[in-house]
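K.L.:
Okay, here's what each chain looks like letter by letter:
2 protein chains.
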Amino acid sequence: MSSEFEIIDRYFKKKMKQTALGVGDDAAIINIKKNREIVISSDMLVENVHFLKNTNPARLGWKSLAVNLSDIAAMGATPRWATLSISLPKINHGWLKEFSKGFFKCADQFGIDLIGGDTTKGPLTISITTMGDIKKNKSLLRSGAKINDDIWVTGQLGMASMGLASLQGTLKLAPSLKVKCIKALETPTPKVLIGSHLSRYANSCIDISDGLVQDLKHVLKASTVGASLLLNEIPCDPFIHASKKYQFALNGGDDYELLFTAQKKHRLAIEKIAKKTDTAINIIGVITKNKNLKIMDQKGKSISFNKRGFDHFA
Amino acid sequence: MSSEFEIIDRYFKKKMKQTALGVGDDAAIINIKKNREIVISSDMLVENVHFLKNTNPARLGWKSLAVNLSDIAAMGATPRWATLSISLPKINHGWLKEFSKGFFKCADQFGIDLIGGDTTKGPLTISITTMGDIKKNKSLLRSGAKINDDIWVTGQLGMASMGLASLQGTLKLAPSLKVKCIKALETPTPKVLIGSHLSRYANSCIDISDGLVQDLKHVLKASTVGASLLLNEIPCDPFIHASKKYQFALNGGDDYELLFTAQKKHRLAIEKIAKKTDTAINIIGVITKNKNLKIMDQKGKSISFNKRGFDHFA
Chain L
1 MSSEFEIIDR YFKKKMKQTA LGVGDDAAII NIKKNREIVI SSDMLVENVH FLKNTNPARL
61 GWKSLAVNLS DIAAMGATPR WATLSISLPK INHGWLKEFS KGFFKCADQF GIDLIGGDTT
121 KGPLTISITT MGDIKKNKSL LRSGAKINDD IWVTGQLGMA SMGLASLQGT LKLAPSLKVK
181 CIKALETPTP KVLIGSHLSR YANSCIDISD GLVQDLKHVL KASTVGASLL LNEIPCDPFI
241 HASKKYQFAL NGGDDYELLF TAQKKHRLAI EKIAKKTDTA INIIGVITKN KNLKIMDQKG
301 KSISFNKRGF DHFA
Chain W
1 MSSEFEIIDR YFKKKMKQTA LGVGDDAAII NIKKNREIVI SSDMLVENVH FLKNTNPARL
61 GWKSLAVNLS DIAAMGATPR WATLSISLPK INHGWLKEFS KGFFKCADQF GIDLIGGDTT
121 KGPLTISITT MGDIKKNKSL LRSGAKINDD IWVTGQLGMA SMGLASLQGT LKLAPSLKVK
181 CIKALETPTP KVLIGSHLSR YANSCIDISD GLVQDLKHVL KASTVGASLL LNEIPCDPFI
241 HASKKYQFAL NGGDDYELLF TAQKKHRLAI EKIAKKTDTA INIIGVITKN KNLKIMDQKG
301 KSISFNKRGF DHFA
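If you're matching them up, the sequences are chains L and W in order. To convert, note that position 311 of the first sequence is 311 in the UniProt record's numbering; the numbers rise steadily by one, no gaps. To convert, note that position 166 of the second sequence is 166 in the UniProt record's numbering; the numbers rise steadily by one, no gaps.
Derived from the structure by calculation, the hints contain no laboratory data. Certain hints may be false.
The list treats identical chains as interchangeable, and a pair is accepted whether it falls inside one copy or across any two copies.
With a cut-off of at most 30 Å between alpha-carbon atoms, the simulated DSSO-like pairs for lysine-lysine come out as follows [stated by the list, open to error]: (1) LYS138 - LYS33; (2) LYS265 - LYS244; (3) LYS15 - LYS33; (4) LYS90 - LYS221; (5) LYS121 - LYS172; (6) LYS221 - LYS97; (7) LYS53 - LYS105; (8) LYS221 - LYS101; (9) LYS146 - LYS136; (10) LYS121 - LYS34; (11) LYS34 - LYS90; (12) LYS121 - LYS178; (13) LYS135 - LYS14; (14) LYS121 - LYS135; (15) LYS17 - LYS136; (16) LYS146 - LYS265; (17) LYS121 - LYS180; (18) LYS275 - LYS17; (19) LYS221 - LYS121; (20) LYS299 - LYS289; (21) LYS265 - LYS276; (22) LYS13 - LYS180; (23) LYS221 - LYS264; (24) LYS17 - LYS299; (25) LYS178 - LYS101; (26) LYS15 - LYS97; (27) LYS97 - LYS121.
Only a predicted model underlies this, so the values are computations on that prediction, with no experimental measurement involved.
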């Protein structure tokens with residue numbers, strides 16, 4: 001039977017591009033350029049909690065890393081390094097081959113070195129820590145939103161949660177939309193490219209992983225401000241507008257889009273960055289002095305929403 | 001029911017001592033001094049694989065961090081930061097309180113900031129990434145052992161694996177020794193204090209987590225050398241010598257002692273460091289040109305050993 005060391009050699013050892021010492025010793029070593037600081041984030045994905053049993057391993061490998069890169073992007077930093085710890089019920093070479101293929105597809109696309117980790121027996125659990133760097137004191141925090149800031153979001157919201165609902169049989173979608181939603185759920189694109197450009201213009205940023213409402217509330221609380229959103233401006237598939245199933249866009253998890261706030265005077269500059277990085281962006285509302293979160297329909301009436309975002313213990 | 005955020009606030013948010021930004025945003029931020037580099041290690045501990053069901057949570061909290069610090073110590077670096085990802089079958093406040101108490105007892109003793117992580121539902125799994133720093137190009141690698149180097153080990157070997165065997169009912173120990181062995185198993189002391197002093201004198205270093213033989217073999221392979229060990233010099237409890245149960249000292253896992261090699265001329269300096277850091281150390285053999293690993297009994301006869309060290313997939 002293969003040992004832990006053989007698995008690492010076979011599936012998880014690759015040439016390092018920006019790392020002093022990678023996989024194979026007690027620890028990895030990285031160097032940081034002058035006037036840069038290090039940004040670190042960890043995520044854990046558990047079978048049957050964060051992904052369904054029998055999820056395609058290549059897509060799971062992609063997503064495991066992507067969700068972590070999203071956090072680094074939300075800081076305005078450039079992700080560079082990751083460690084991967086994984087527990088597996090048994091050694092399945094077909095599964096490992098596909099998982100590592102998906103993982104490295106994402107790693108290569110965004111320039112990440114896998115520098116270490118752990119492999120062990122256990123229920124299928126994937127734990128990743130990603131590190132990036134950014135110019136000192138330039139990180140985008142949740143606490144930086146200012147009154148009258150525009151509230152921007154990237155991409156389309158609600159796609160991943162519709163994909164999950166459709167896989168679980170609680171939502172019926174047209175075949176082509178279903179494919180799109182499952183793709184959003186299983187292989188999200190972390191907004192790394194635009195993220196590292198935002199720190200020049202944005203005042204605050206967060207990645208939308210637990211649903212727009214819940215994640216925006218984190219920003220509002222940290223910044224001690226409120227927000228007013230226009231329901232019609234929230235970027236989502238026409239199906240959501242037509243069916244009024246706004247809960248997917250407002251509370252659906254797993255979007256991995258960025259929400260950021262910035263002064264109105266930066267609109268043009270931000271649109272330029274979005275174009276340059278081929279990222280769809282939209283202004284969905286404004287930061288307010290009043291500390292509530294209001295969502296207005298097209299008639300200007302405030303709508304109510306009573307569901308919290310995704311919470312693994314709820 | 002408590003949410004993920006309440007759990008983090010309640011049990012895992014502490015004042016940072018050496019961190020630009022800790023728990024609470026998308027990612028943490030750390031700064032590194034000039035001419036230092038960062039050393040990173042990850043470990044994953046799974047219930048029923050790395051620890052028994054119903055292990056005391058405070059001791060588990062200690063050990064989860066300690067095993068990771070041991071890897072940083074084995075690089076000759078100073079551990080400073082950790083992220084903790086944990087999946088739990090359900091929220092048990094008594095368990096969380098004790099686990100975090102044990103975790104922070106270890107963190108405080110060795111000066112570690114908990115800077116981030118993840119908390120989720122799932123089978124009990126603990127995944128930690130630890131970061132430390134060291135002067136540039138001064139890390140101790142497995143590949144640095146030189147012919148004629150002394151082979152040193154800290155502490156006593158085999159204690160933890162005897163503790164495990166006694167808990168599993170396959171080894172009978174006198175009550176006082178049993179207590180000592182279970183303590184070694186459940187609350188190992190990572191050799192952080194001596195570790196950060198070794199880089200001046202040692203040529204190579206590794207932490208003994210999978211058993212002396214297996215871990216020494218990693219050093220020999222990476223350094224393309226061999227070794228000759230004196231069985232009688234291997235520091236272990238008199239019970240092992242008396243009962244000839246050397247398999248615990250040679251192949252037992254979970255010791256978290258350091259094995260390092262250094263030129264003979266540094267003996268005095270190393271002994272001084274050991275005294276200063278209150279660390280027991282012993283020379284157990286020598287690095288040889290012949291690429292085998294030989295273990296000699298007190299009559300100078302080579303003994304055979306056929307068990308590999310601990311491997312989670314074996």
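K.L.:
Next step is simple, just say for each hint if it's right about the structure.
P.N.:
Hint check results:
1. LYS138 - LYS33: both (15 Å within a copy, 18 Å between copies)
2. LYS265 - LYS244: This pair counts as neither: shortest intra-copy Cα distance 33 Å, inter-copy 79 Å.
3. LYS15 - LYS33: Both ways: LYS15 and LYS33 sit 21 Å apart in one copy and 27 Å across, limit 30 Å.
4. LYS90 - LYS221: For LYS90 and LYS221, only the inter-copy Cα distance (27 Å) is at most 30 Å; the intra-copy one is 44 Å.
5. LYS121 - LYS172: between (38 Å within a copy, 28 Å between copies)
6. LYS221 - LYS97: between (43 Å within a copy, 26 Å between copies)
7. LYS53 - LYS105: within (22 Å within a copy, 37 Å between copies)
8. LYS221 - LYS101: Between. Shortest inter-copy distance 28 Å satisfies the 30 Å Cα cut-off; intra-copy 40 Å does not.
9. LYS146 - LYS136: within (21 Å within a copy, 41 Å between copies)
10. LYS121 - LYS34: neither (40 Å within a copy, 40 Å between copies)
11. LYS34 - LYS90: Result: close neither inside a copy nor across copies, 44 Å intra and 44 Å inter.
12. LYS121 - LYS178: between (35 Å within a copy, 28 Å between copies)
13. LYS135 - LYS14: both (28 Å within a copy, 26 Å between copies)
14. LYS121 - LYS135: neither (39 Å within a copy, 35 Å between copies)
15. LYS17 - LYS136: Both, since 23 Å and 18 Å are each at most 30 Å.
16. LYS146 - LYS265: within (13 Å within a copy, 63 Å between copies)
17. LYS121 - LYS180: between (34 Å within a copy, 28 Å between copies)
18. LYS275 - LYS17: Within one copy only: 28 Å inside, 41 Å across.
19. LYS221 - LYS121: Answer is between; shortest inter-copy Cα gap is 25 Å, intra-copy 40 Å.
20. LYS299 - LYS289: Only inside one copy: LYS299 and LYS289 sit 22 Å apart there, 84 Å across copies, limit 30 Å.
21. LYS265 - LYS276: within (19 Å within a copy, 61 Å between copies)
22. LYS13 - LYS180: For LYS13 and LYS180, neither the intra-copy (32 Å) nor the inter-copy (39 Å) Cα distance is at most 30 Å.
23. LYS221 - LYS264: within (21 Å within a copy, 61 Å between copies)
24. LYS17 - LYS299: Answer is neither; intra-copy 54 Å and inter-copy 51 Å both fail.
25. LYS178 - LYS101: Classified as within; 24 Å inside a copy, 47 Å across copies.
26. LYS15 - LYS97: within (17 Å within a copy, 42 Å between copies)
27. LYS97 - LYS121: both (17 Å within a copy, 27 Å between copies)
This entry does not satisfy hints 2, 10, 11, 14, 22, 24, going by the numbered hints stated previously.
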